[in-house]
Amino acid sequence: MSTTNGWIGKSVKRVEDKRFITGKGNYTDDIVLPHQTYASFVRSPYAHARILSVDTSAAAAMPGVVAIFTGKDVAEVNGVPCGWLLHFKNGDPMKEPKHPLLVTDKALHVGDAVAIVIAESAAEAKDAAEVVMVDYEELPAVTDAFKATQAGASLVHDDAPNNICFDWTLGNPIEEVDAAIAASAHVTTLEFVNQRMVPNAIEPRAYNSSYEASTDKYTLYTSTQNPHLIRLLMCAFVLGIPEHKVRVVGPDVGGGFGSKIFHYTEEALLTWATRKIGRPVKWTSTRSESFLLDAHGRDHITKADMGFDKDGKITALRVKTYANLGAYLSTFASCVPTYLHGTLLQGLYTTPKINVDVTAVFTNTCVVDAYRGAGRPEATYLLERLVDLAALELNTDPVELRMKNFIPPFDGITQPGYQTQVALQYDSGNYQGVLKKGIEMLGYADLRKAQKEAAANGRLLGIGISTYIEACGIAPSAVVGSLGARAGLYEVGQVRIQPTGKVSVYTGAHSHGQGHETTFAQVVADKFGIPMEDVEIIHGDSEAVAFGMGTYGSRSLAVGGSAIVKSIEKIIEKGKKIAAHKLEASEGDVNFENGKFTVKGTDKSVSFGDVALTAYVPHHYPKDLEPGLDFSSFYDPANFTYPFGCHIAVVEVEKETGKVHLKRFVAVDDVGNIINPMIVEGQIHGGLAQGIGQALFEGADYDENGQLTNGSYMDYCMPRADDFPMFETASQVTPCPHNPLGVKGAGEAGAIGSTPAVVNAVIDALWSAGHKVKDIRMPMTSERVWRAMQS
Amino acid sequence: MSVRIHVRVNGVDYHHDVEPRTLLVQYLRDTLRLTGTHIGCDTSSCGACTIHVNGKAAKSCTMLAVQADGCEITTIEGLSNGIELHPLQEGFRECHGLQCGFCTPGMIMTAADLLQHNPNPGESDIRHALEGNFCRCTGYHNIVKSVQYAAEKMQAVQQNKKEVAA
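Those protein sequence lines, which keep their order, are chains A and B. For what it's worth, this note's numbering labels the leading residue of the first sequence as 1, then goes sequentially. For what it's worth, this note's numbering labels the leading residue of the second sequence as 1, then goes sequentially.
These aren't lab readings, by the way, just hints derived from the structure by calculation. Note that beta-carbon positions come from the ideal geometry of N, C-alpha and C, so glycine has one too. Check each hint, because a few of them may be wrong.
[Said to hold, decoys possible] What the simulated footprint calls covered on chain A by chain B, stretch by stretch (three residues with Cβ under 8 Å from a Cβ of chain B suffice, anywhere in the stretch; the number is not a length): (1) 87 to 99; (2) 512 to 518.
[Unchecked claim] Derived lysine-lysine pairs resembling DSS-like cross-links, with alpha carbons at most 30 Å apart: (3) A:K566 to A:K577; (4) B:K145 to A:K659; (5) B:K153 to A:K18.
Here chain A stands alone, though its shape is the one from the complex:
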C-alpha cells in the first residue's frame, strides 16, 4: 500500500459545496421531465375509519385531470414490505399486515392515502383531489403503545390481537436478573417516555417516475438514502417488474436522518401509475404531509431498574419497553427497538446481568422507524438517565460512579474485544479517556463549586453527563441474516482508472449531506498519491453503480469506504504487474509510493498515469494479463464498529418560569480514525442539535383521536439558531481494529449522547435546589420544568 500523500486527516473543503452555494444543486423536485404530470393524494382525515364509498366522478371532470386511481385499481399490487423479520418469544413470526399503496376498506392513520389524482399541473391535481368524495365511518383509534395492548383497546389490524406485532427478549434469563436486582444494596428505578420525534429533513420527500415504452424501461428519481435498496424492494416485492428494467436515481437529497431510507408507498405507486398513463408522474410532499407520513422516530414507553452493590458497582439491569410501530411495519421498523436498542444496553459498563423485554405495538399513527441513531439513542437515554439519577440518589459523584463501572480500555488487537451480555462484541474502546477529557474541557470541579454558590444564591445551575456507545457500520451479513434481516449489509465500491490516470469511483453509499464526494476522494487520492481533483465520486444512480446498500447507521465510510479501499488494493496489485513489465523488473521488487511505481534498489520508476495508459493501450504488456484497470469489490465487515463518547451539558433553570437555558455543551467523541476532521465535527454538531432538540423542544403529539396536533412548523418546535450556544467539541481516536481505514462512523453520535446529557443537567439543577424529581417528560418545556419544581 502506498504511503499517504497527506489527504487523509485533512480538513479539505468540500468539493460538492460549489453547486449548493450557487443554487445549482439538483434535487428531485428541481427535475421536470418532458410531458410531466403531477400527483396529489386524497388522504384520510381520520386516524381509523371505514371507507364506505369513494366517488371520483366530479374530480375526473376537473380541468387538467389526467387520471385518478383508487385502492381498487391497485388491489392486486403487493404492499410495501418490511426488511426485517422478527419472531414472537414463542417462535411465531411477527404480524405483517399488508401496507397497501392505496387503502380500500379502512384507513389506519391520518394521512393514509385513499386515491391519487394525476393532472397537468400540481395545482390542478390538488384542486381535483379536493373534490374526490369519500364517505368515512370513523372508528375508535389507539395511539399510545401501552394502552393499545390493554383489554378493550380498538384493533388496528384484525389479525394482530392486542395490537401486538411481536414480543422479544434478549440477555440473561429474567430469573437471574430479577434475583440480582432483589439482592442489590440499591435499586434505581425509572419510568419514562422516549417521545416520538418527527425527522424533518428540510427537503420534503419527492419522487418523479417515468416509463419509456420503446425500451420498456422505468426511471425513478427519488429523494432516498439508498437507491438500490428502493429498486430491489419496489421491483421484487411490490410491483413485480424486472429489476434490470428499472433505474433508480437519488440525486441531491436534502437531508434524511433516517426518514429517507425506507421504501414508501408513493414511490411504488408513481412507478405503477407512470406506465398506466404513459407519462412521467411527479409528487412532492407538502410539509404537512411530511409531518403525517415521513416515518417518525423513538416512541418508547419504558420501565427500567438498575441495581447497585454497596460499593456502587452495577449489579444488574432490567428493562421493559413498549415500542410504538405506528399503523404499519416500515422497512426497518422491527429491528430498531430490538437489535438496535436491546443490544446496546450494556452501554460502557461491566453490568453482569441484563435482561430486556420489548413489546412492539401497532397504533393508529404514522409509522415509526429509524431516526438518527435508531434504537441506540433510546438505549443510551435509558442507561445514562439511570446512572446519573443513581448518583444523585446515592449522593455520589456521577463521574466517579461511571469511572467505577466502565469497561477497562481495550484495543481489540492485543486485547480481545469486549463480549457483552446482550449479544454484541465491542471492537475497541477507551471510555475513561473520553470522560476524563470531557470533564477537563468543562472545568468540572470549578463548575461544581459554582453550582453550590449559585444554589446558595437561589440560582439553579445543573451539570448533566452522558457517555454513550453505539453500534455502526451495521453488518456482517451472516450475523444480521441470523437476526432476521432480509438483505445483506455489505457495500460495493468500484474504482475505475481512466486511460489518462483520472479516477472514477462508484460507491453504493449515498450522500445527502455527509460529503462523500470529498471524504471518499480524499481516501482515493491519498492511496494513489494523486491530486484530489483527479478523483470523481459517483453515487446515487443504480444504472452507474453496480449495487449498493445505501447510507444509514453511520456506515458509509466504515463499510463503503472499505469496499473502495479493497478495489484500490486490487488496482495497485495489477499496476505493479504492468509496472514490472514496463521497467523490466520482477513484480516482487516493485513498490508503489506517492503516485509512482519504483523498483527497489534502483532509480527506475513509472508514474501512475503511465501505468494507467499502458493498461488501456497494451502494446507492450505482460502476457496473460487482461487490459484495463477497473475493479469492483464487495466489502462485508467482520463486525459492527463501536464509536463512543462523552457529552456534558450545563444548564441554568429559571426558578420563576422553569425555562431552561443551555449555557454550554461539551462533546468528546471517539469515532476511530478521521479522514476529514471538519466534516466529522459538522456531523457531530448536527447530531447535537437534534439530540438537544429532543430534550428541550421537539416531540410529536397525537391526541386520543389520533390527530397529530402539532403537524406543522407553526406548532412543532424546531430547534433554531438562537437555541444553542457554540458547541465545544473534541476528538479521541481509538481506531477500529477490523476495517482497513480504522474508522467507526460519526453520523449519529451527536444525537445519541446529547439528549440524556441535557435532561440530566436539568434534573441536577433541580436537585441542587432540593427538588428531588426523578424525571421530567421530554421535551422539557418551561411548563413541565416549572410543574416539576412545584411538586
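Starting from the structure of chain A, add chain B where the hints point.
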C-alpha cells in the same frame, strides 16, 4: 384568468402571464426555472425560499407572484457574478456552513440582508437574524461562523476601498 407581470430577476427583465394564485416561489422555480430557491414548508416558517425583493430579504412562499409586479428580485443564482463568489458563499464553503445544501440558499440570502444593515454582527445578532431559517444538518454552529467569516471579509474589503480612496 391570468395576470400580466413584469419583474426584474437577477438583472434580467421578464414579462409573464401568471395565475393570480401562483406563489412567487412557484413562479421563480417553475416558470423561470431558478430552482436554487427551495420550498421546505407550507407555513412560511423554514426560510428555504428566502430571496431579496427590492433589496430586502423576503420569504418567496409568502408572496404572490402578482405582488412582485414591478419589483427587483435577487435569488441565490444572482448573488454573485458567476465568476467570483459572494463573501457569504465563500464563508459557507470555508467554514463548512452547509451539509445537504437544501437550506443554504435561503440561509445565505437572509444573512446577506443582515450584513447589509449590520456589517459587524455579534454571535447573538447572527443567531437572532437566522431564527426564521431552519437547518437540520449543521446545528447552526458553522453557519454562525460562516456569517462571521463573510462579515470580516466584507469589512476588510470596505476598509481597503476607503484606504485606496484616501
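### Query
Does the alpha-carbon distance linking K153 (chain B) and K18 (chain A) stay inside the 30 Å limit?
Satisfied, since the Cα-Cα distance of roughly 19 Å is no more than 30 Å.
### Task
Confirm or reject the coverage of the stretch 87 to 99 of chain A by chain B under the rule of 3 or more residues with a beta carbon closer than 8 Å to the chain's beta carbons.
Answer violated; 0 residues pass the 8 Å Cβ test.
### chain B over the stretch 512 to 518 of chain A, status - at least 3 residues with CB closer than 8 Å
holds (count 4)
### Query
Is the straight-line distance between the alpha-carbon of K566 (chain A) and that of K577 (chain A) 30 Å or less?
Holds: K566 (chain A) and K577 (chain A) sit about 17 Å apart, inside 30 Å.
### Message
Does K659 (chain A) sit within 30 Å of K145 (chain B), going by the straight-line distance between their CA atoms?
### Response
Status holds; Cα separation ~27 Å.
Hint check: a violation occurs at hint 1 only; the rest are consistent with the structure.
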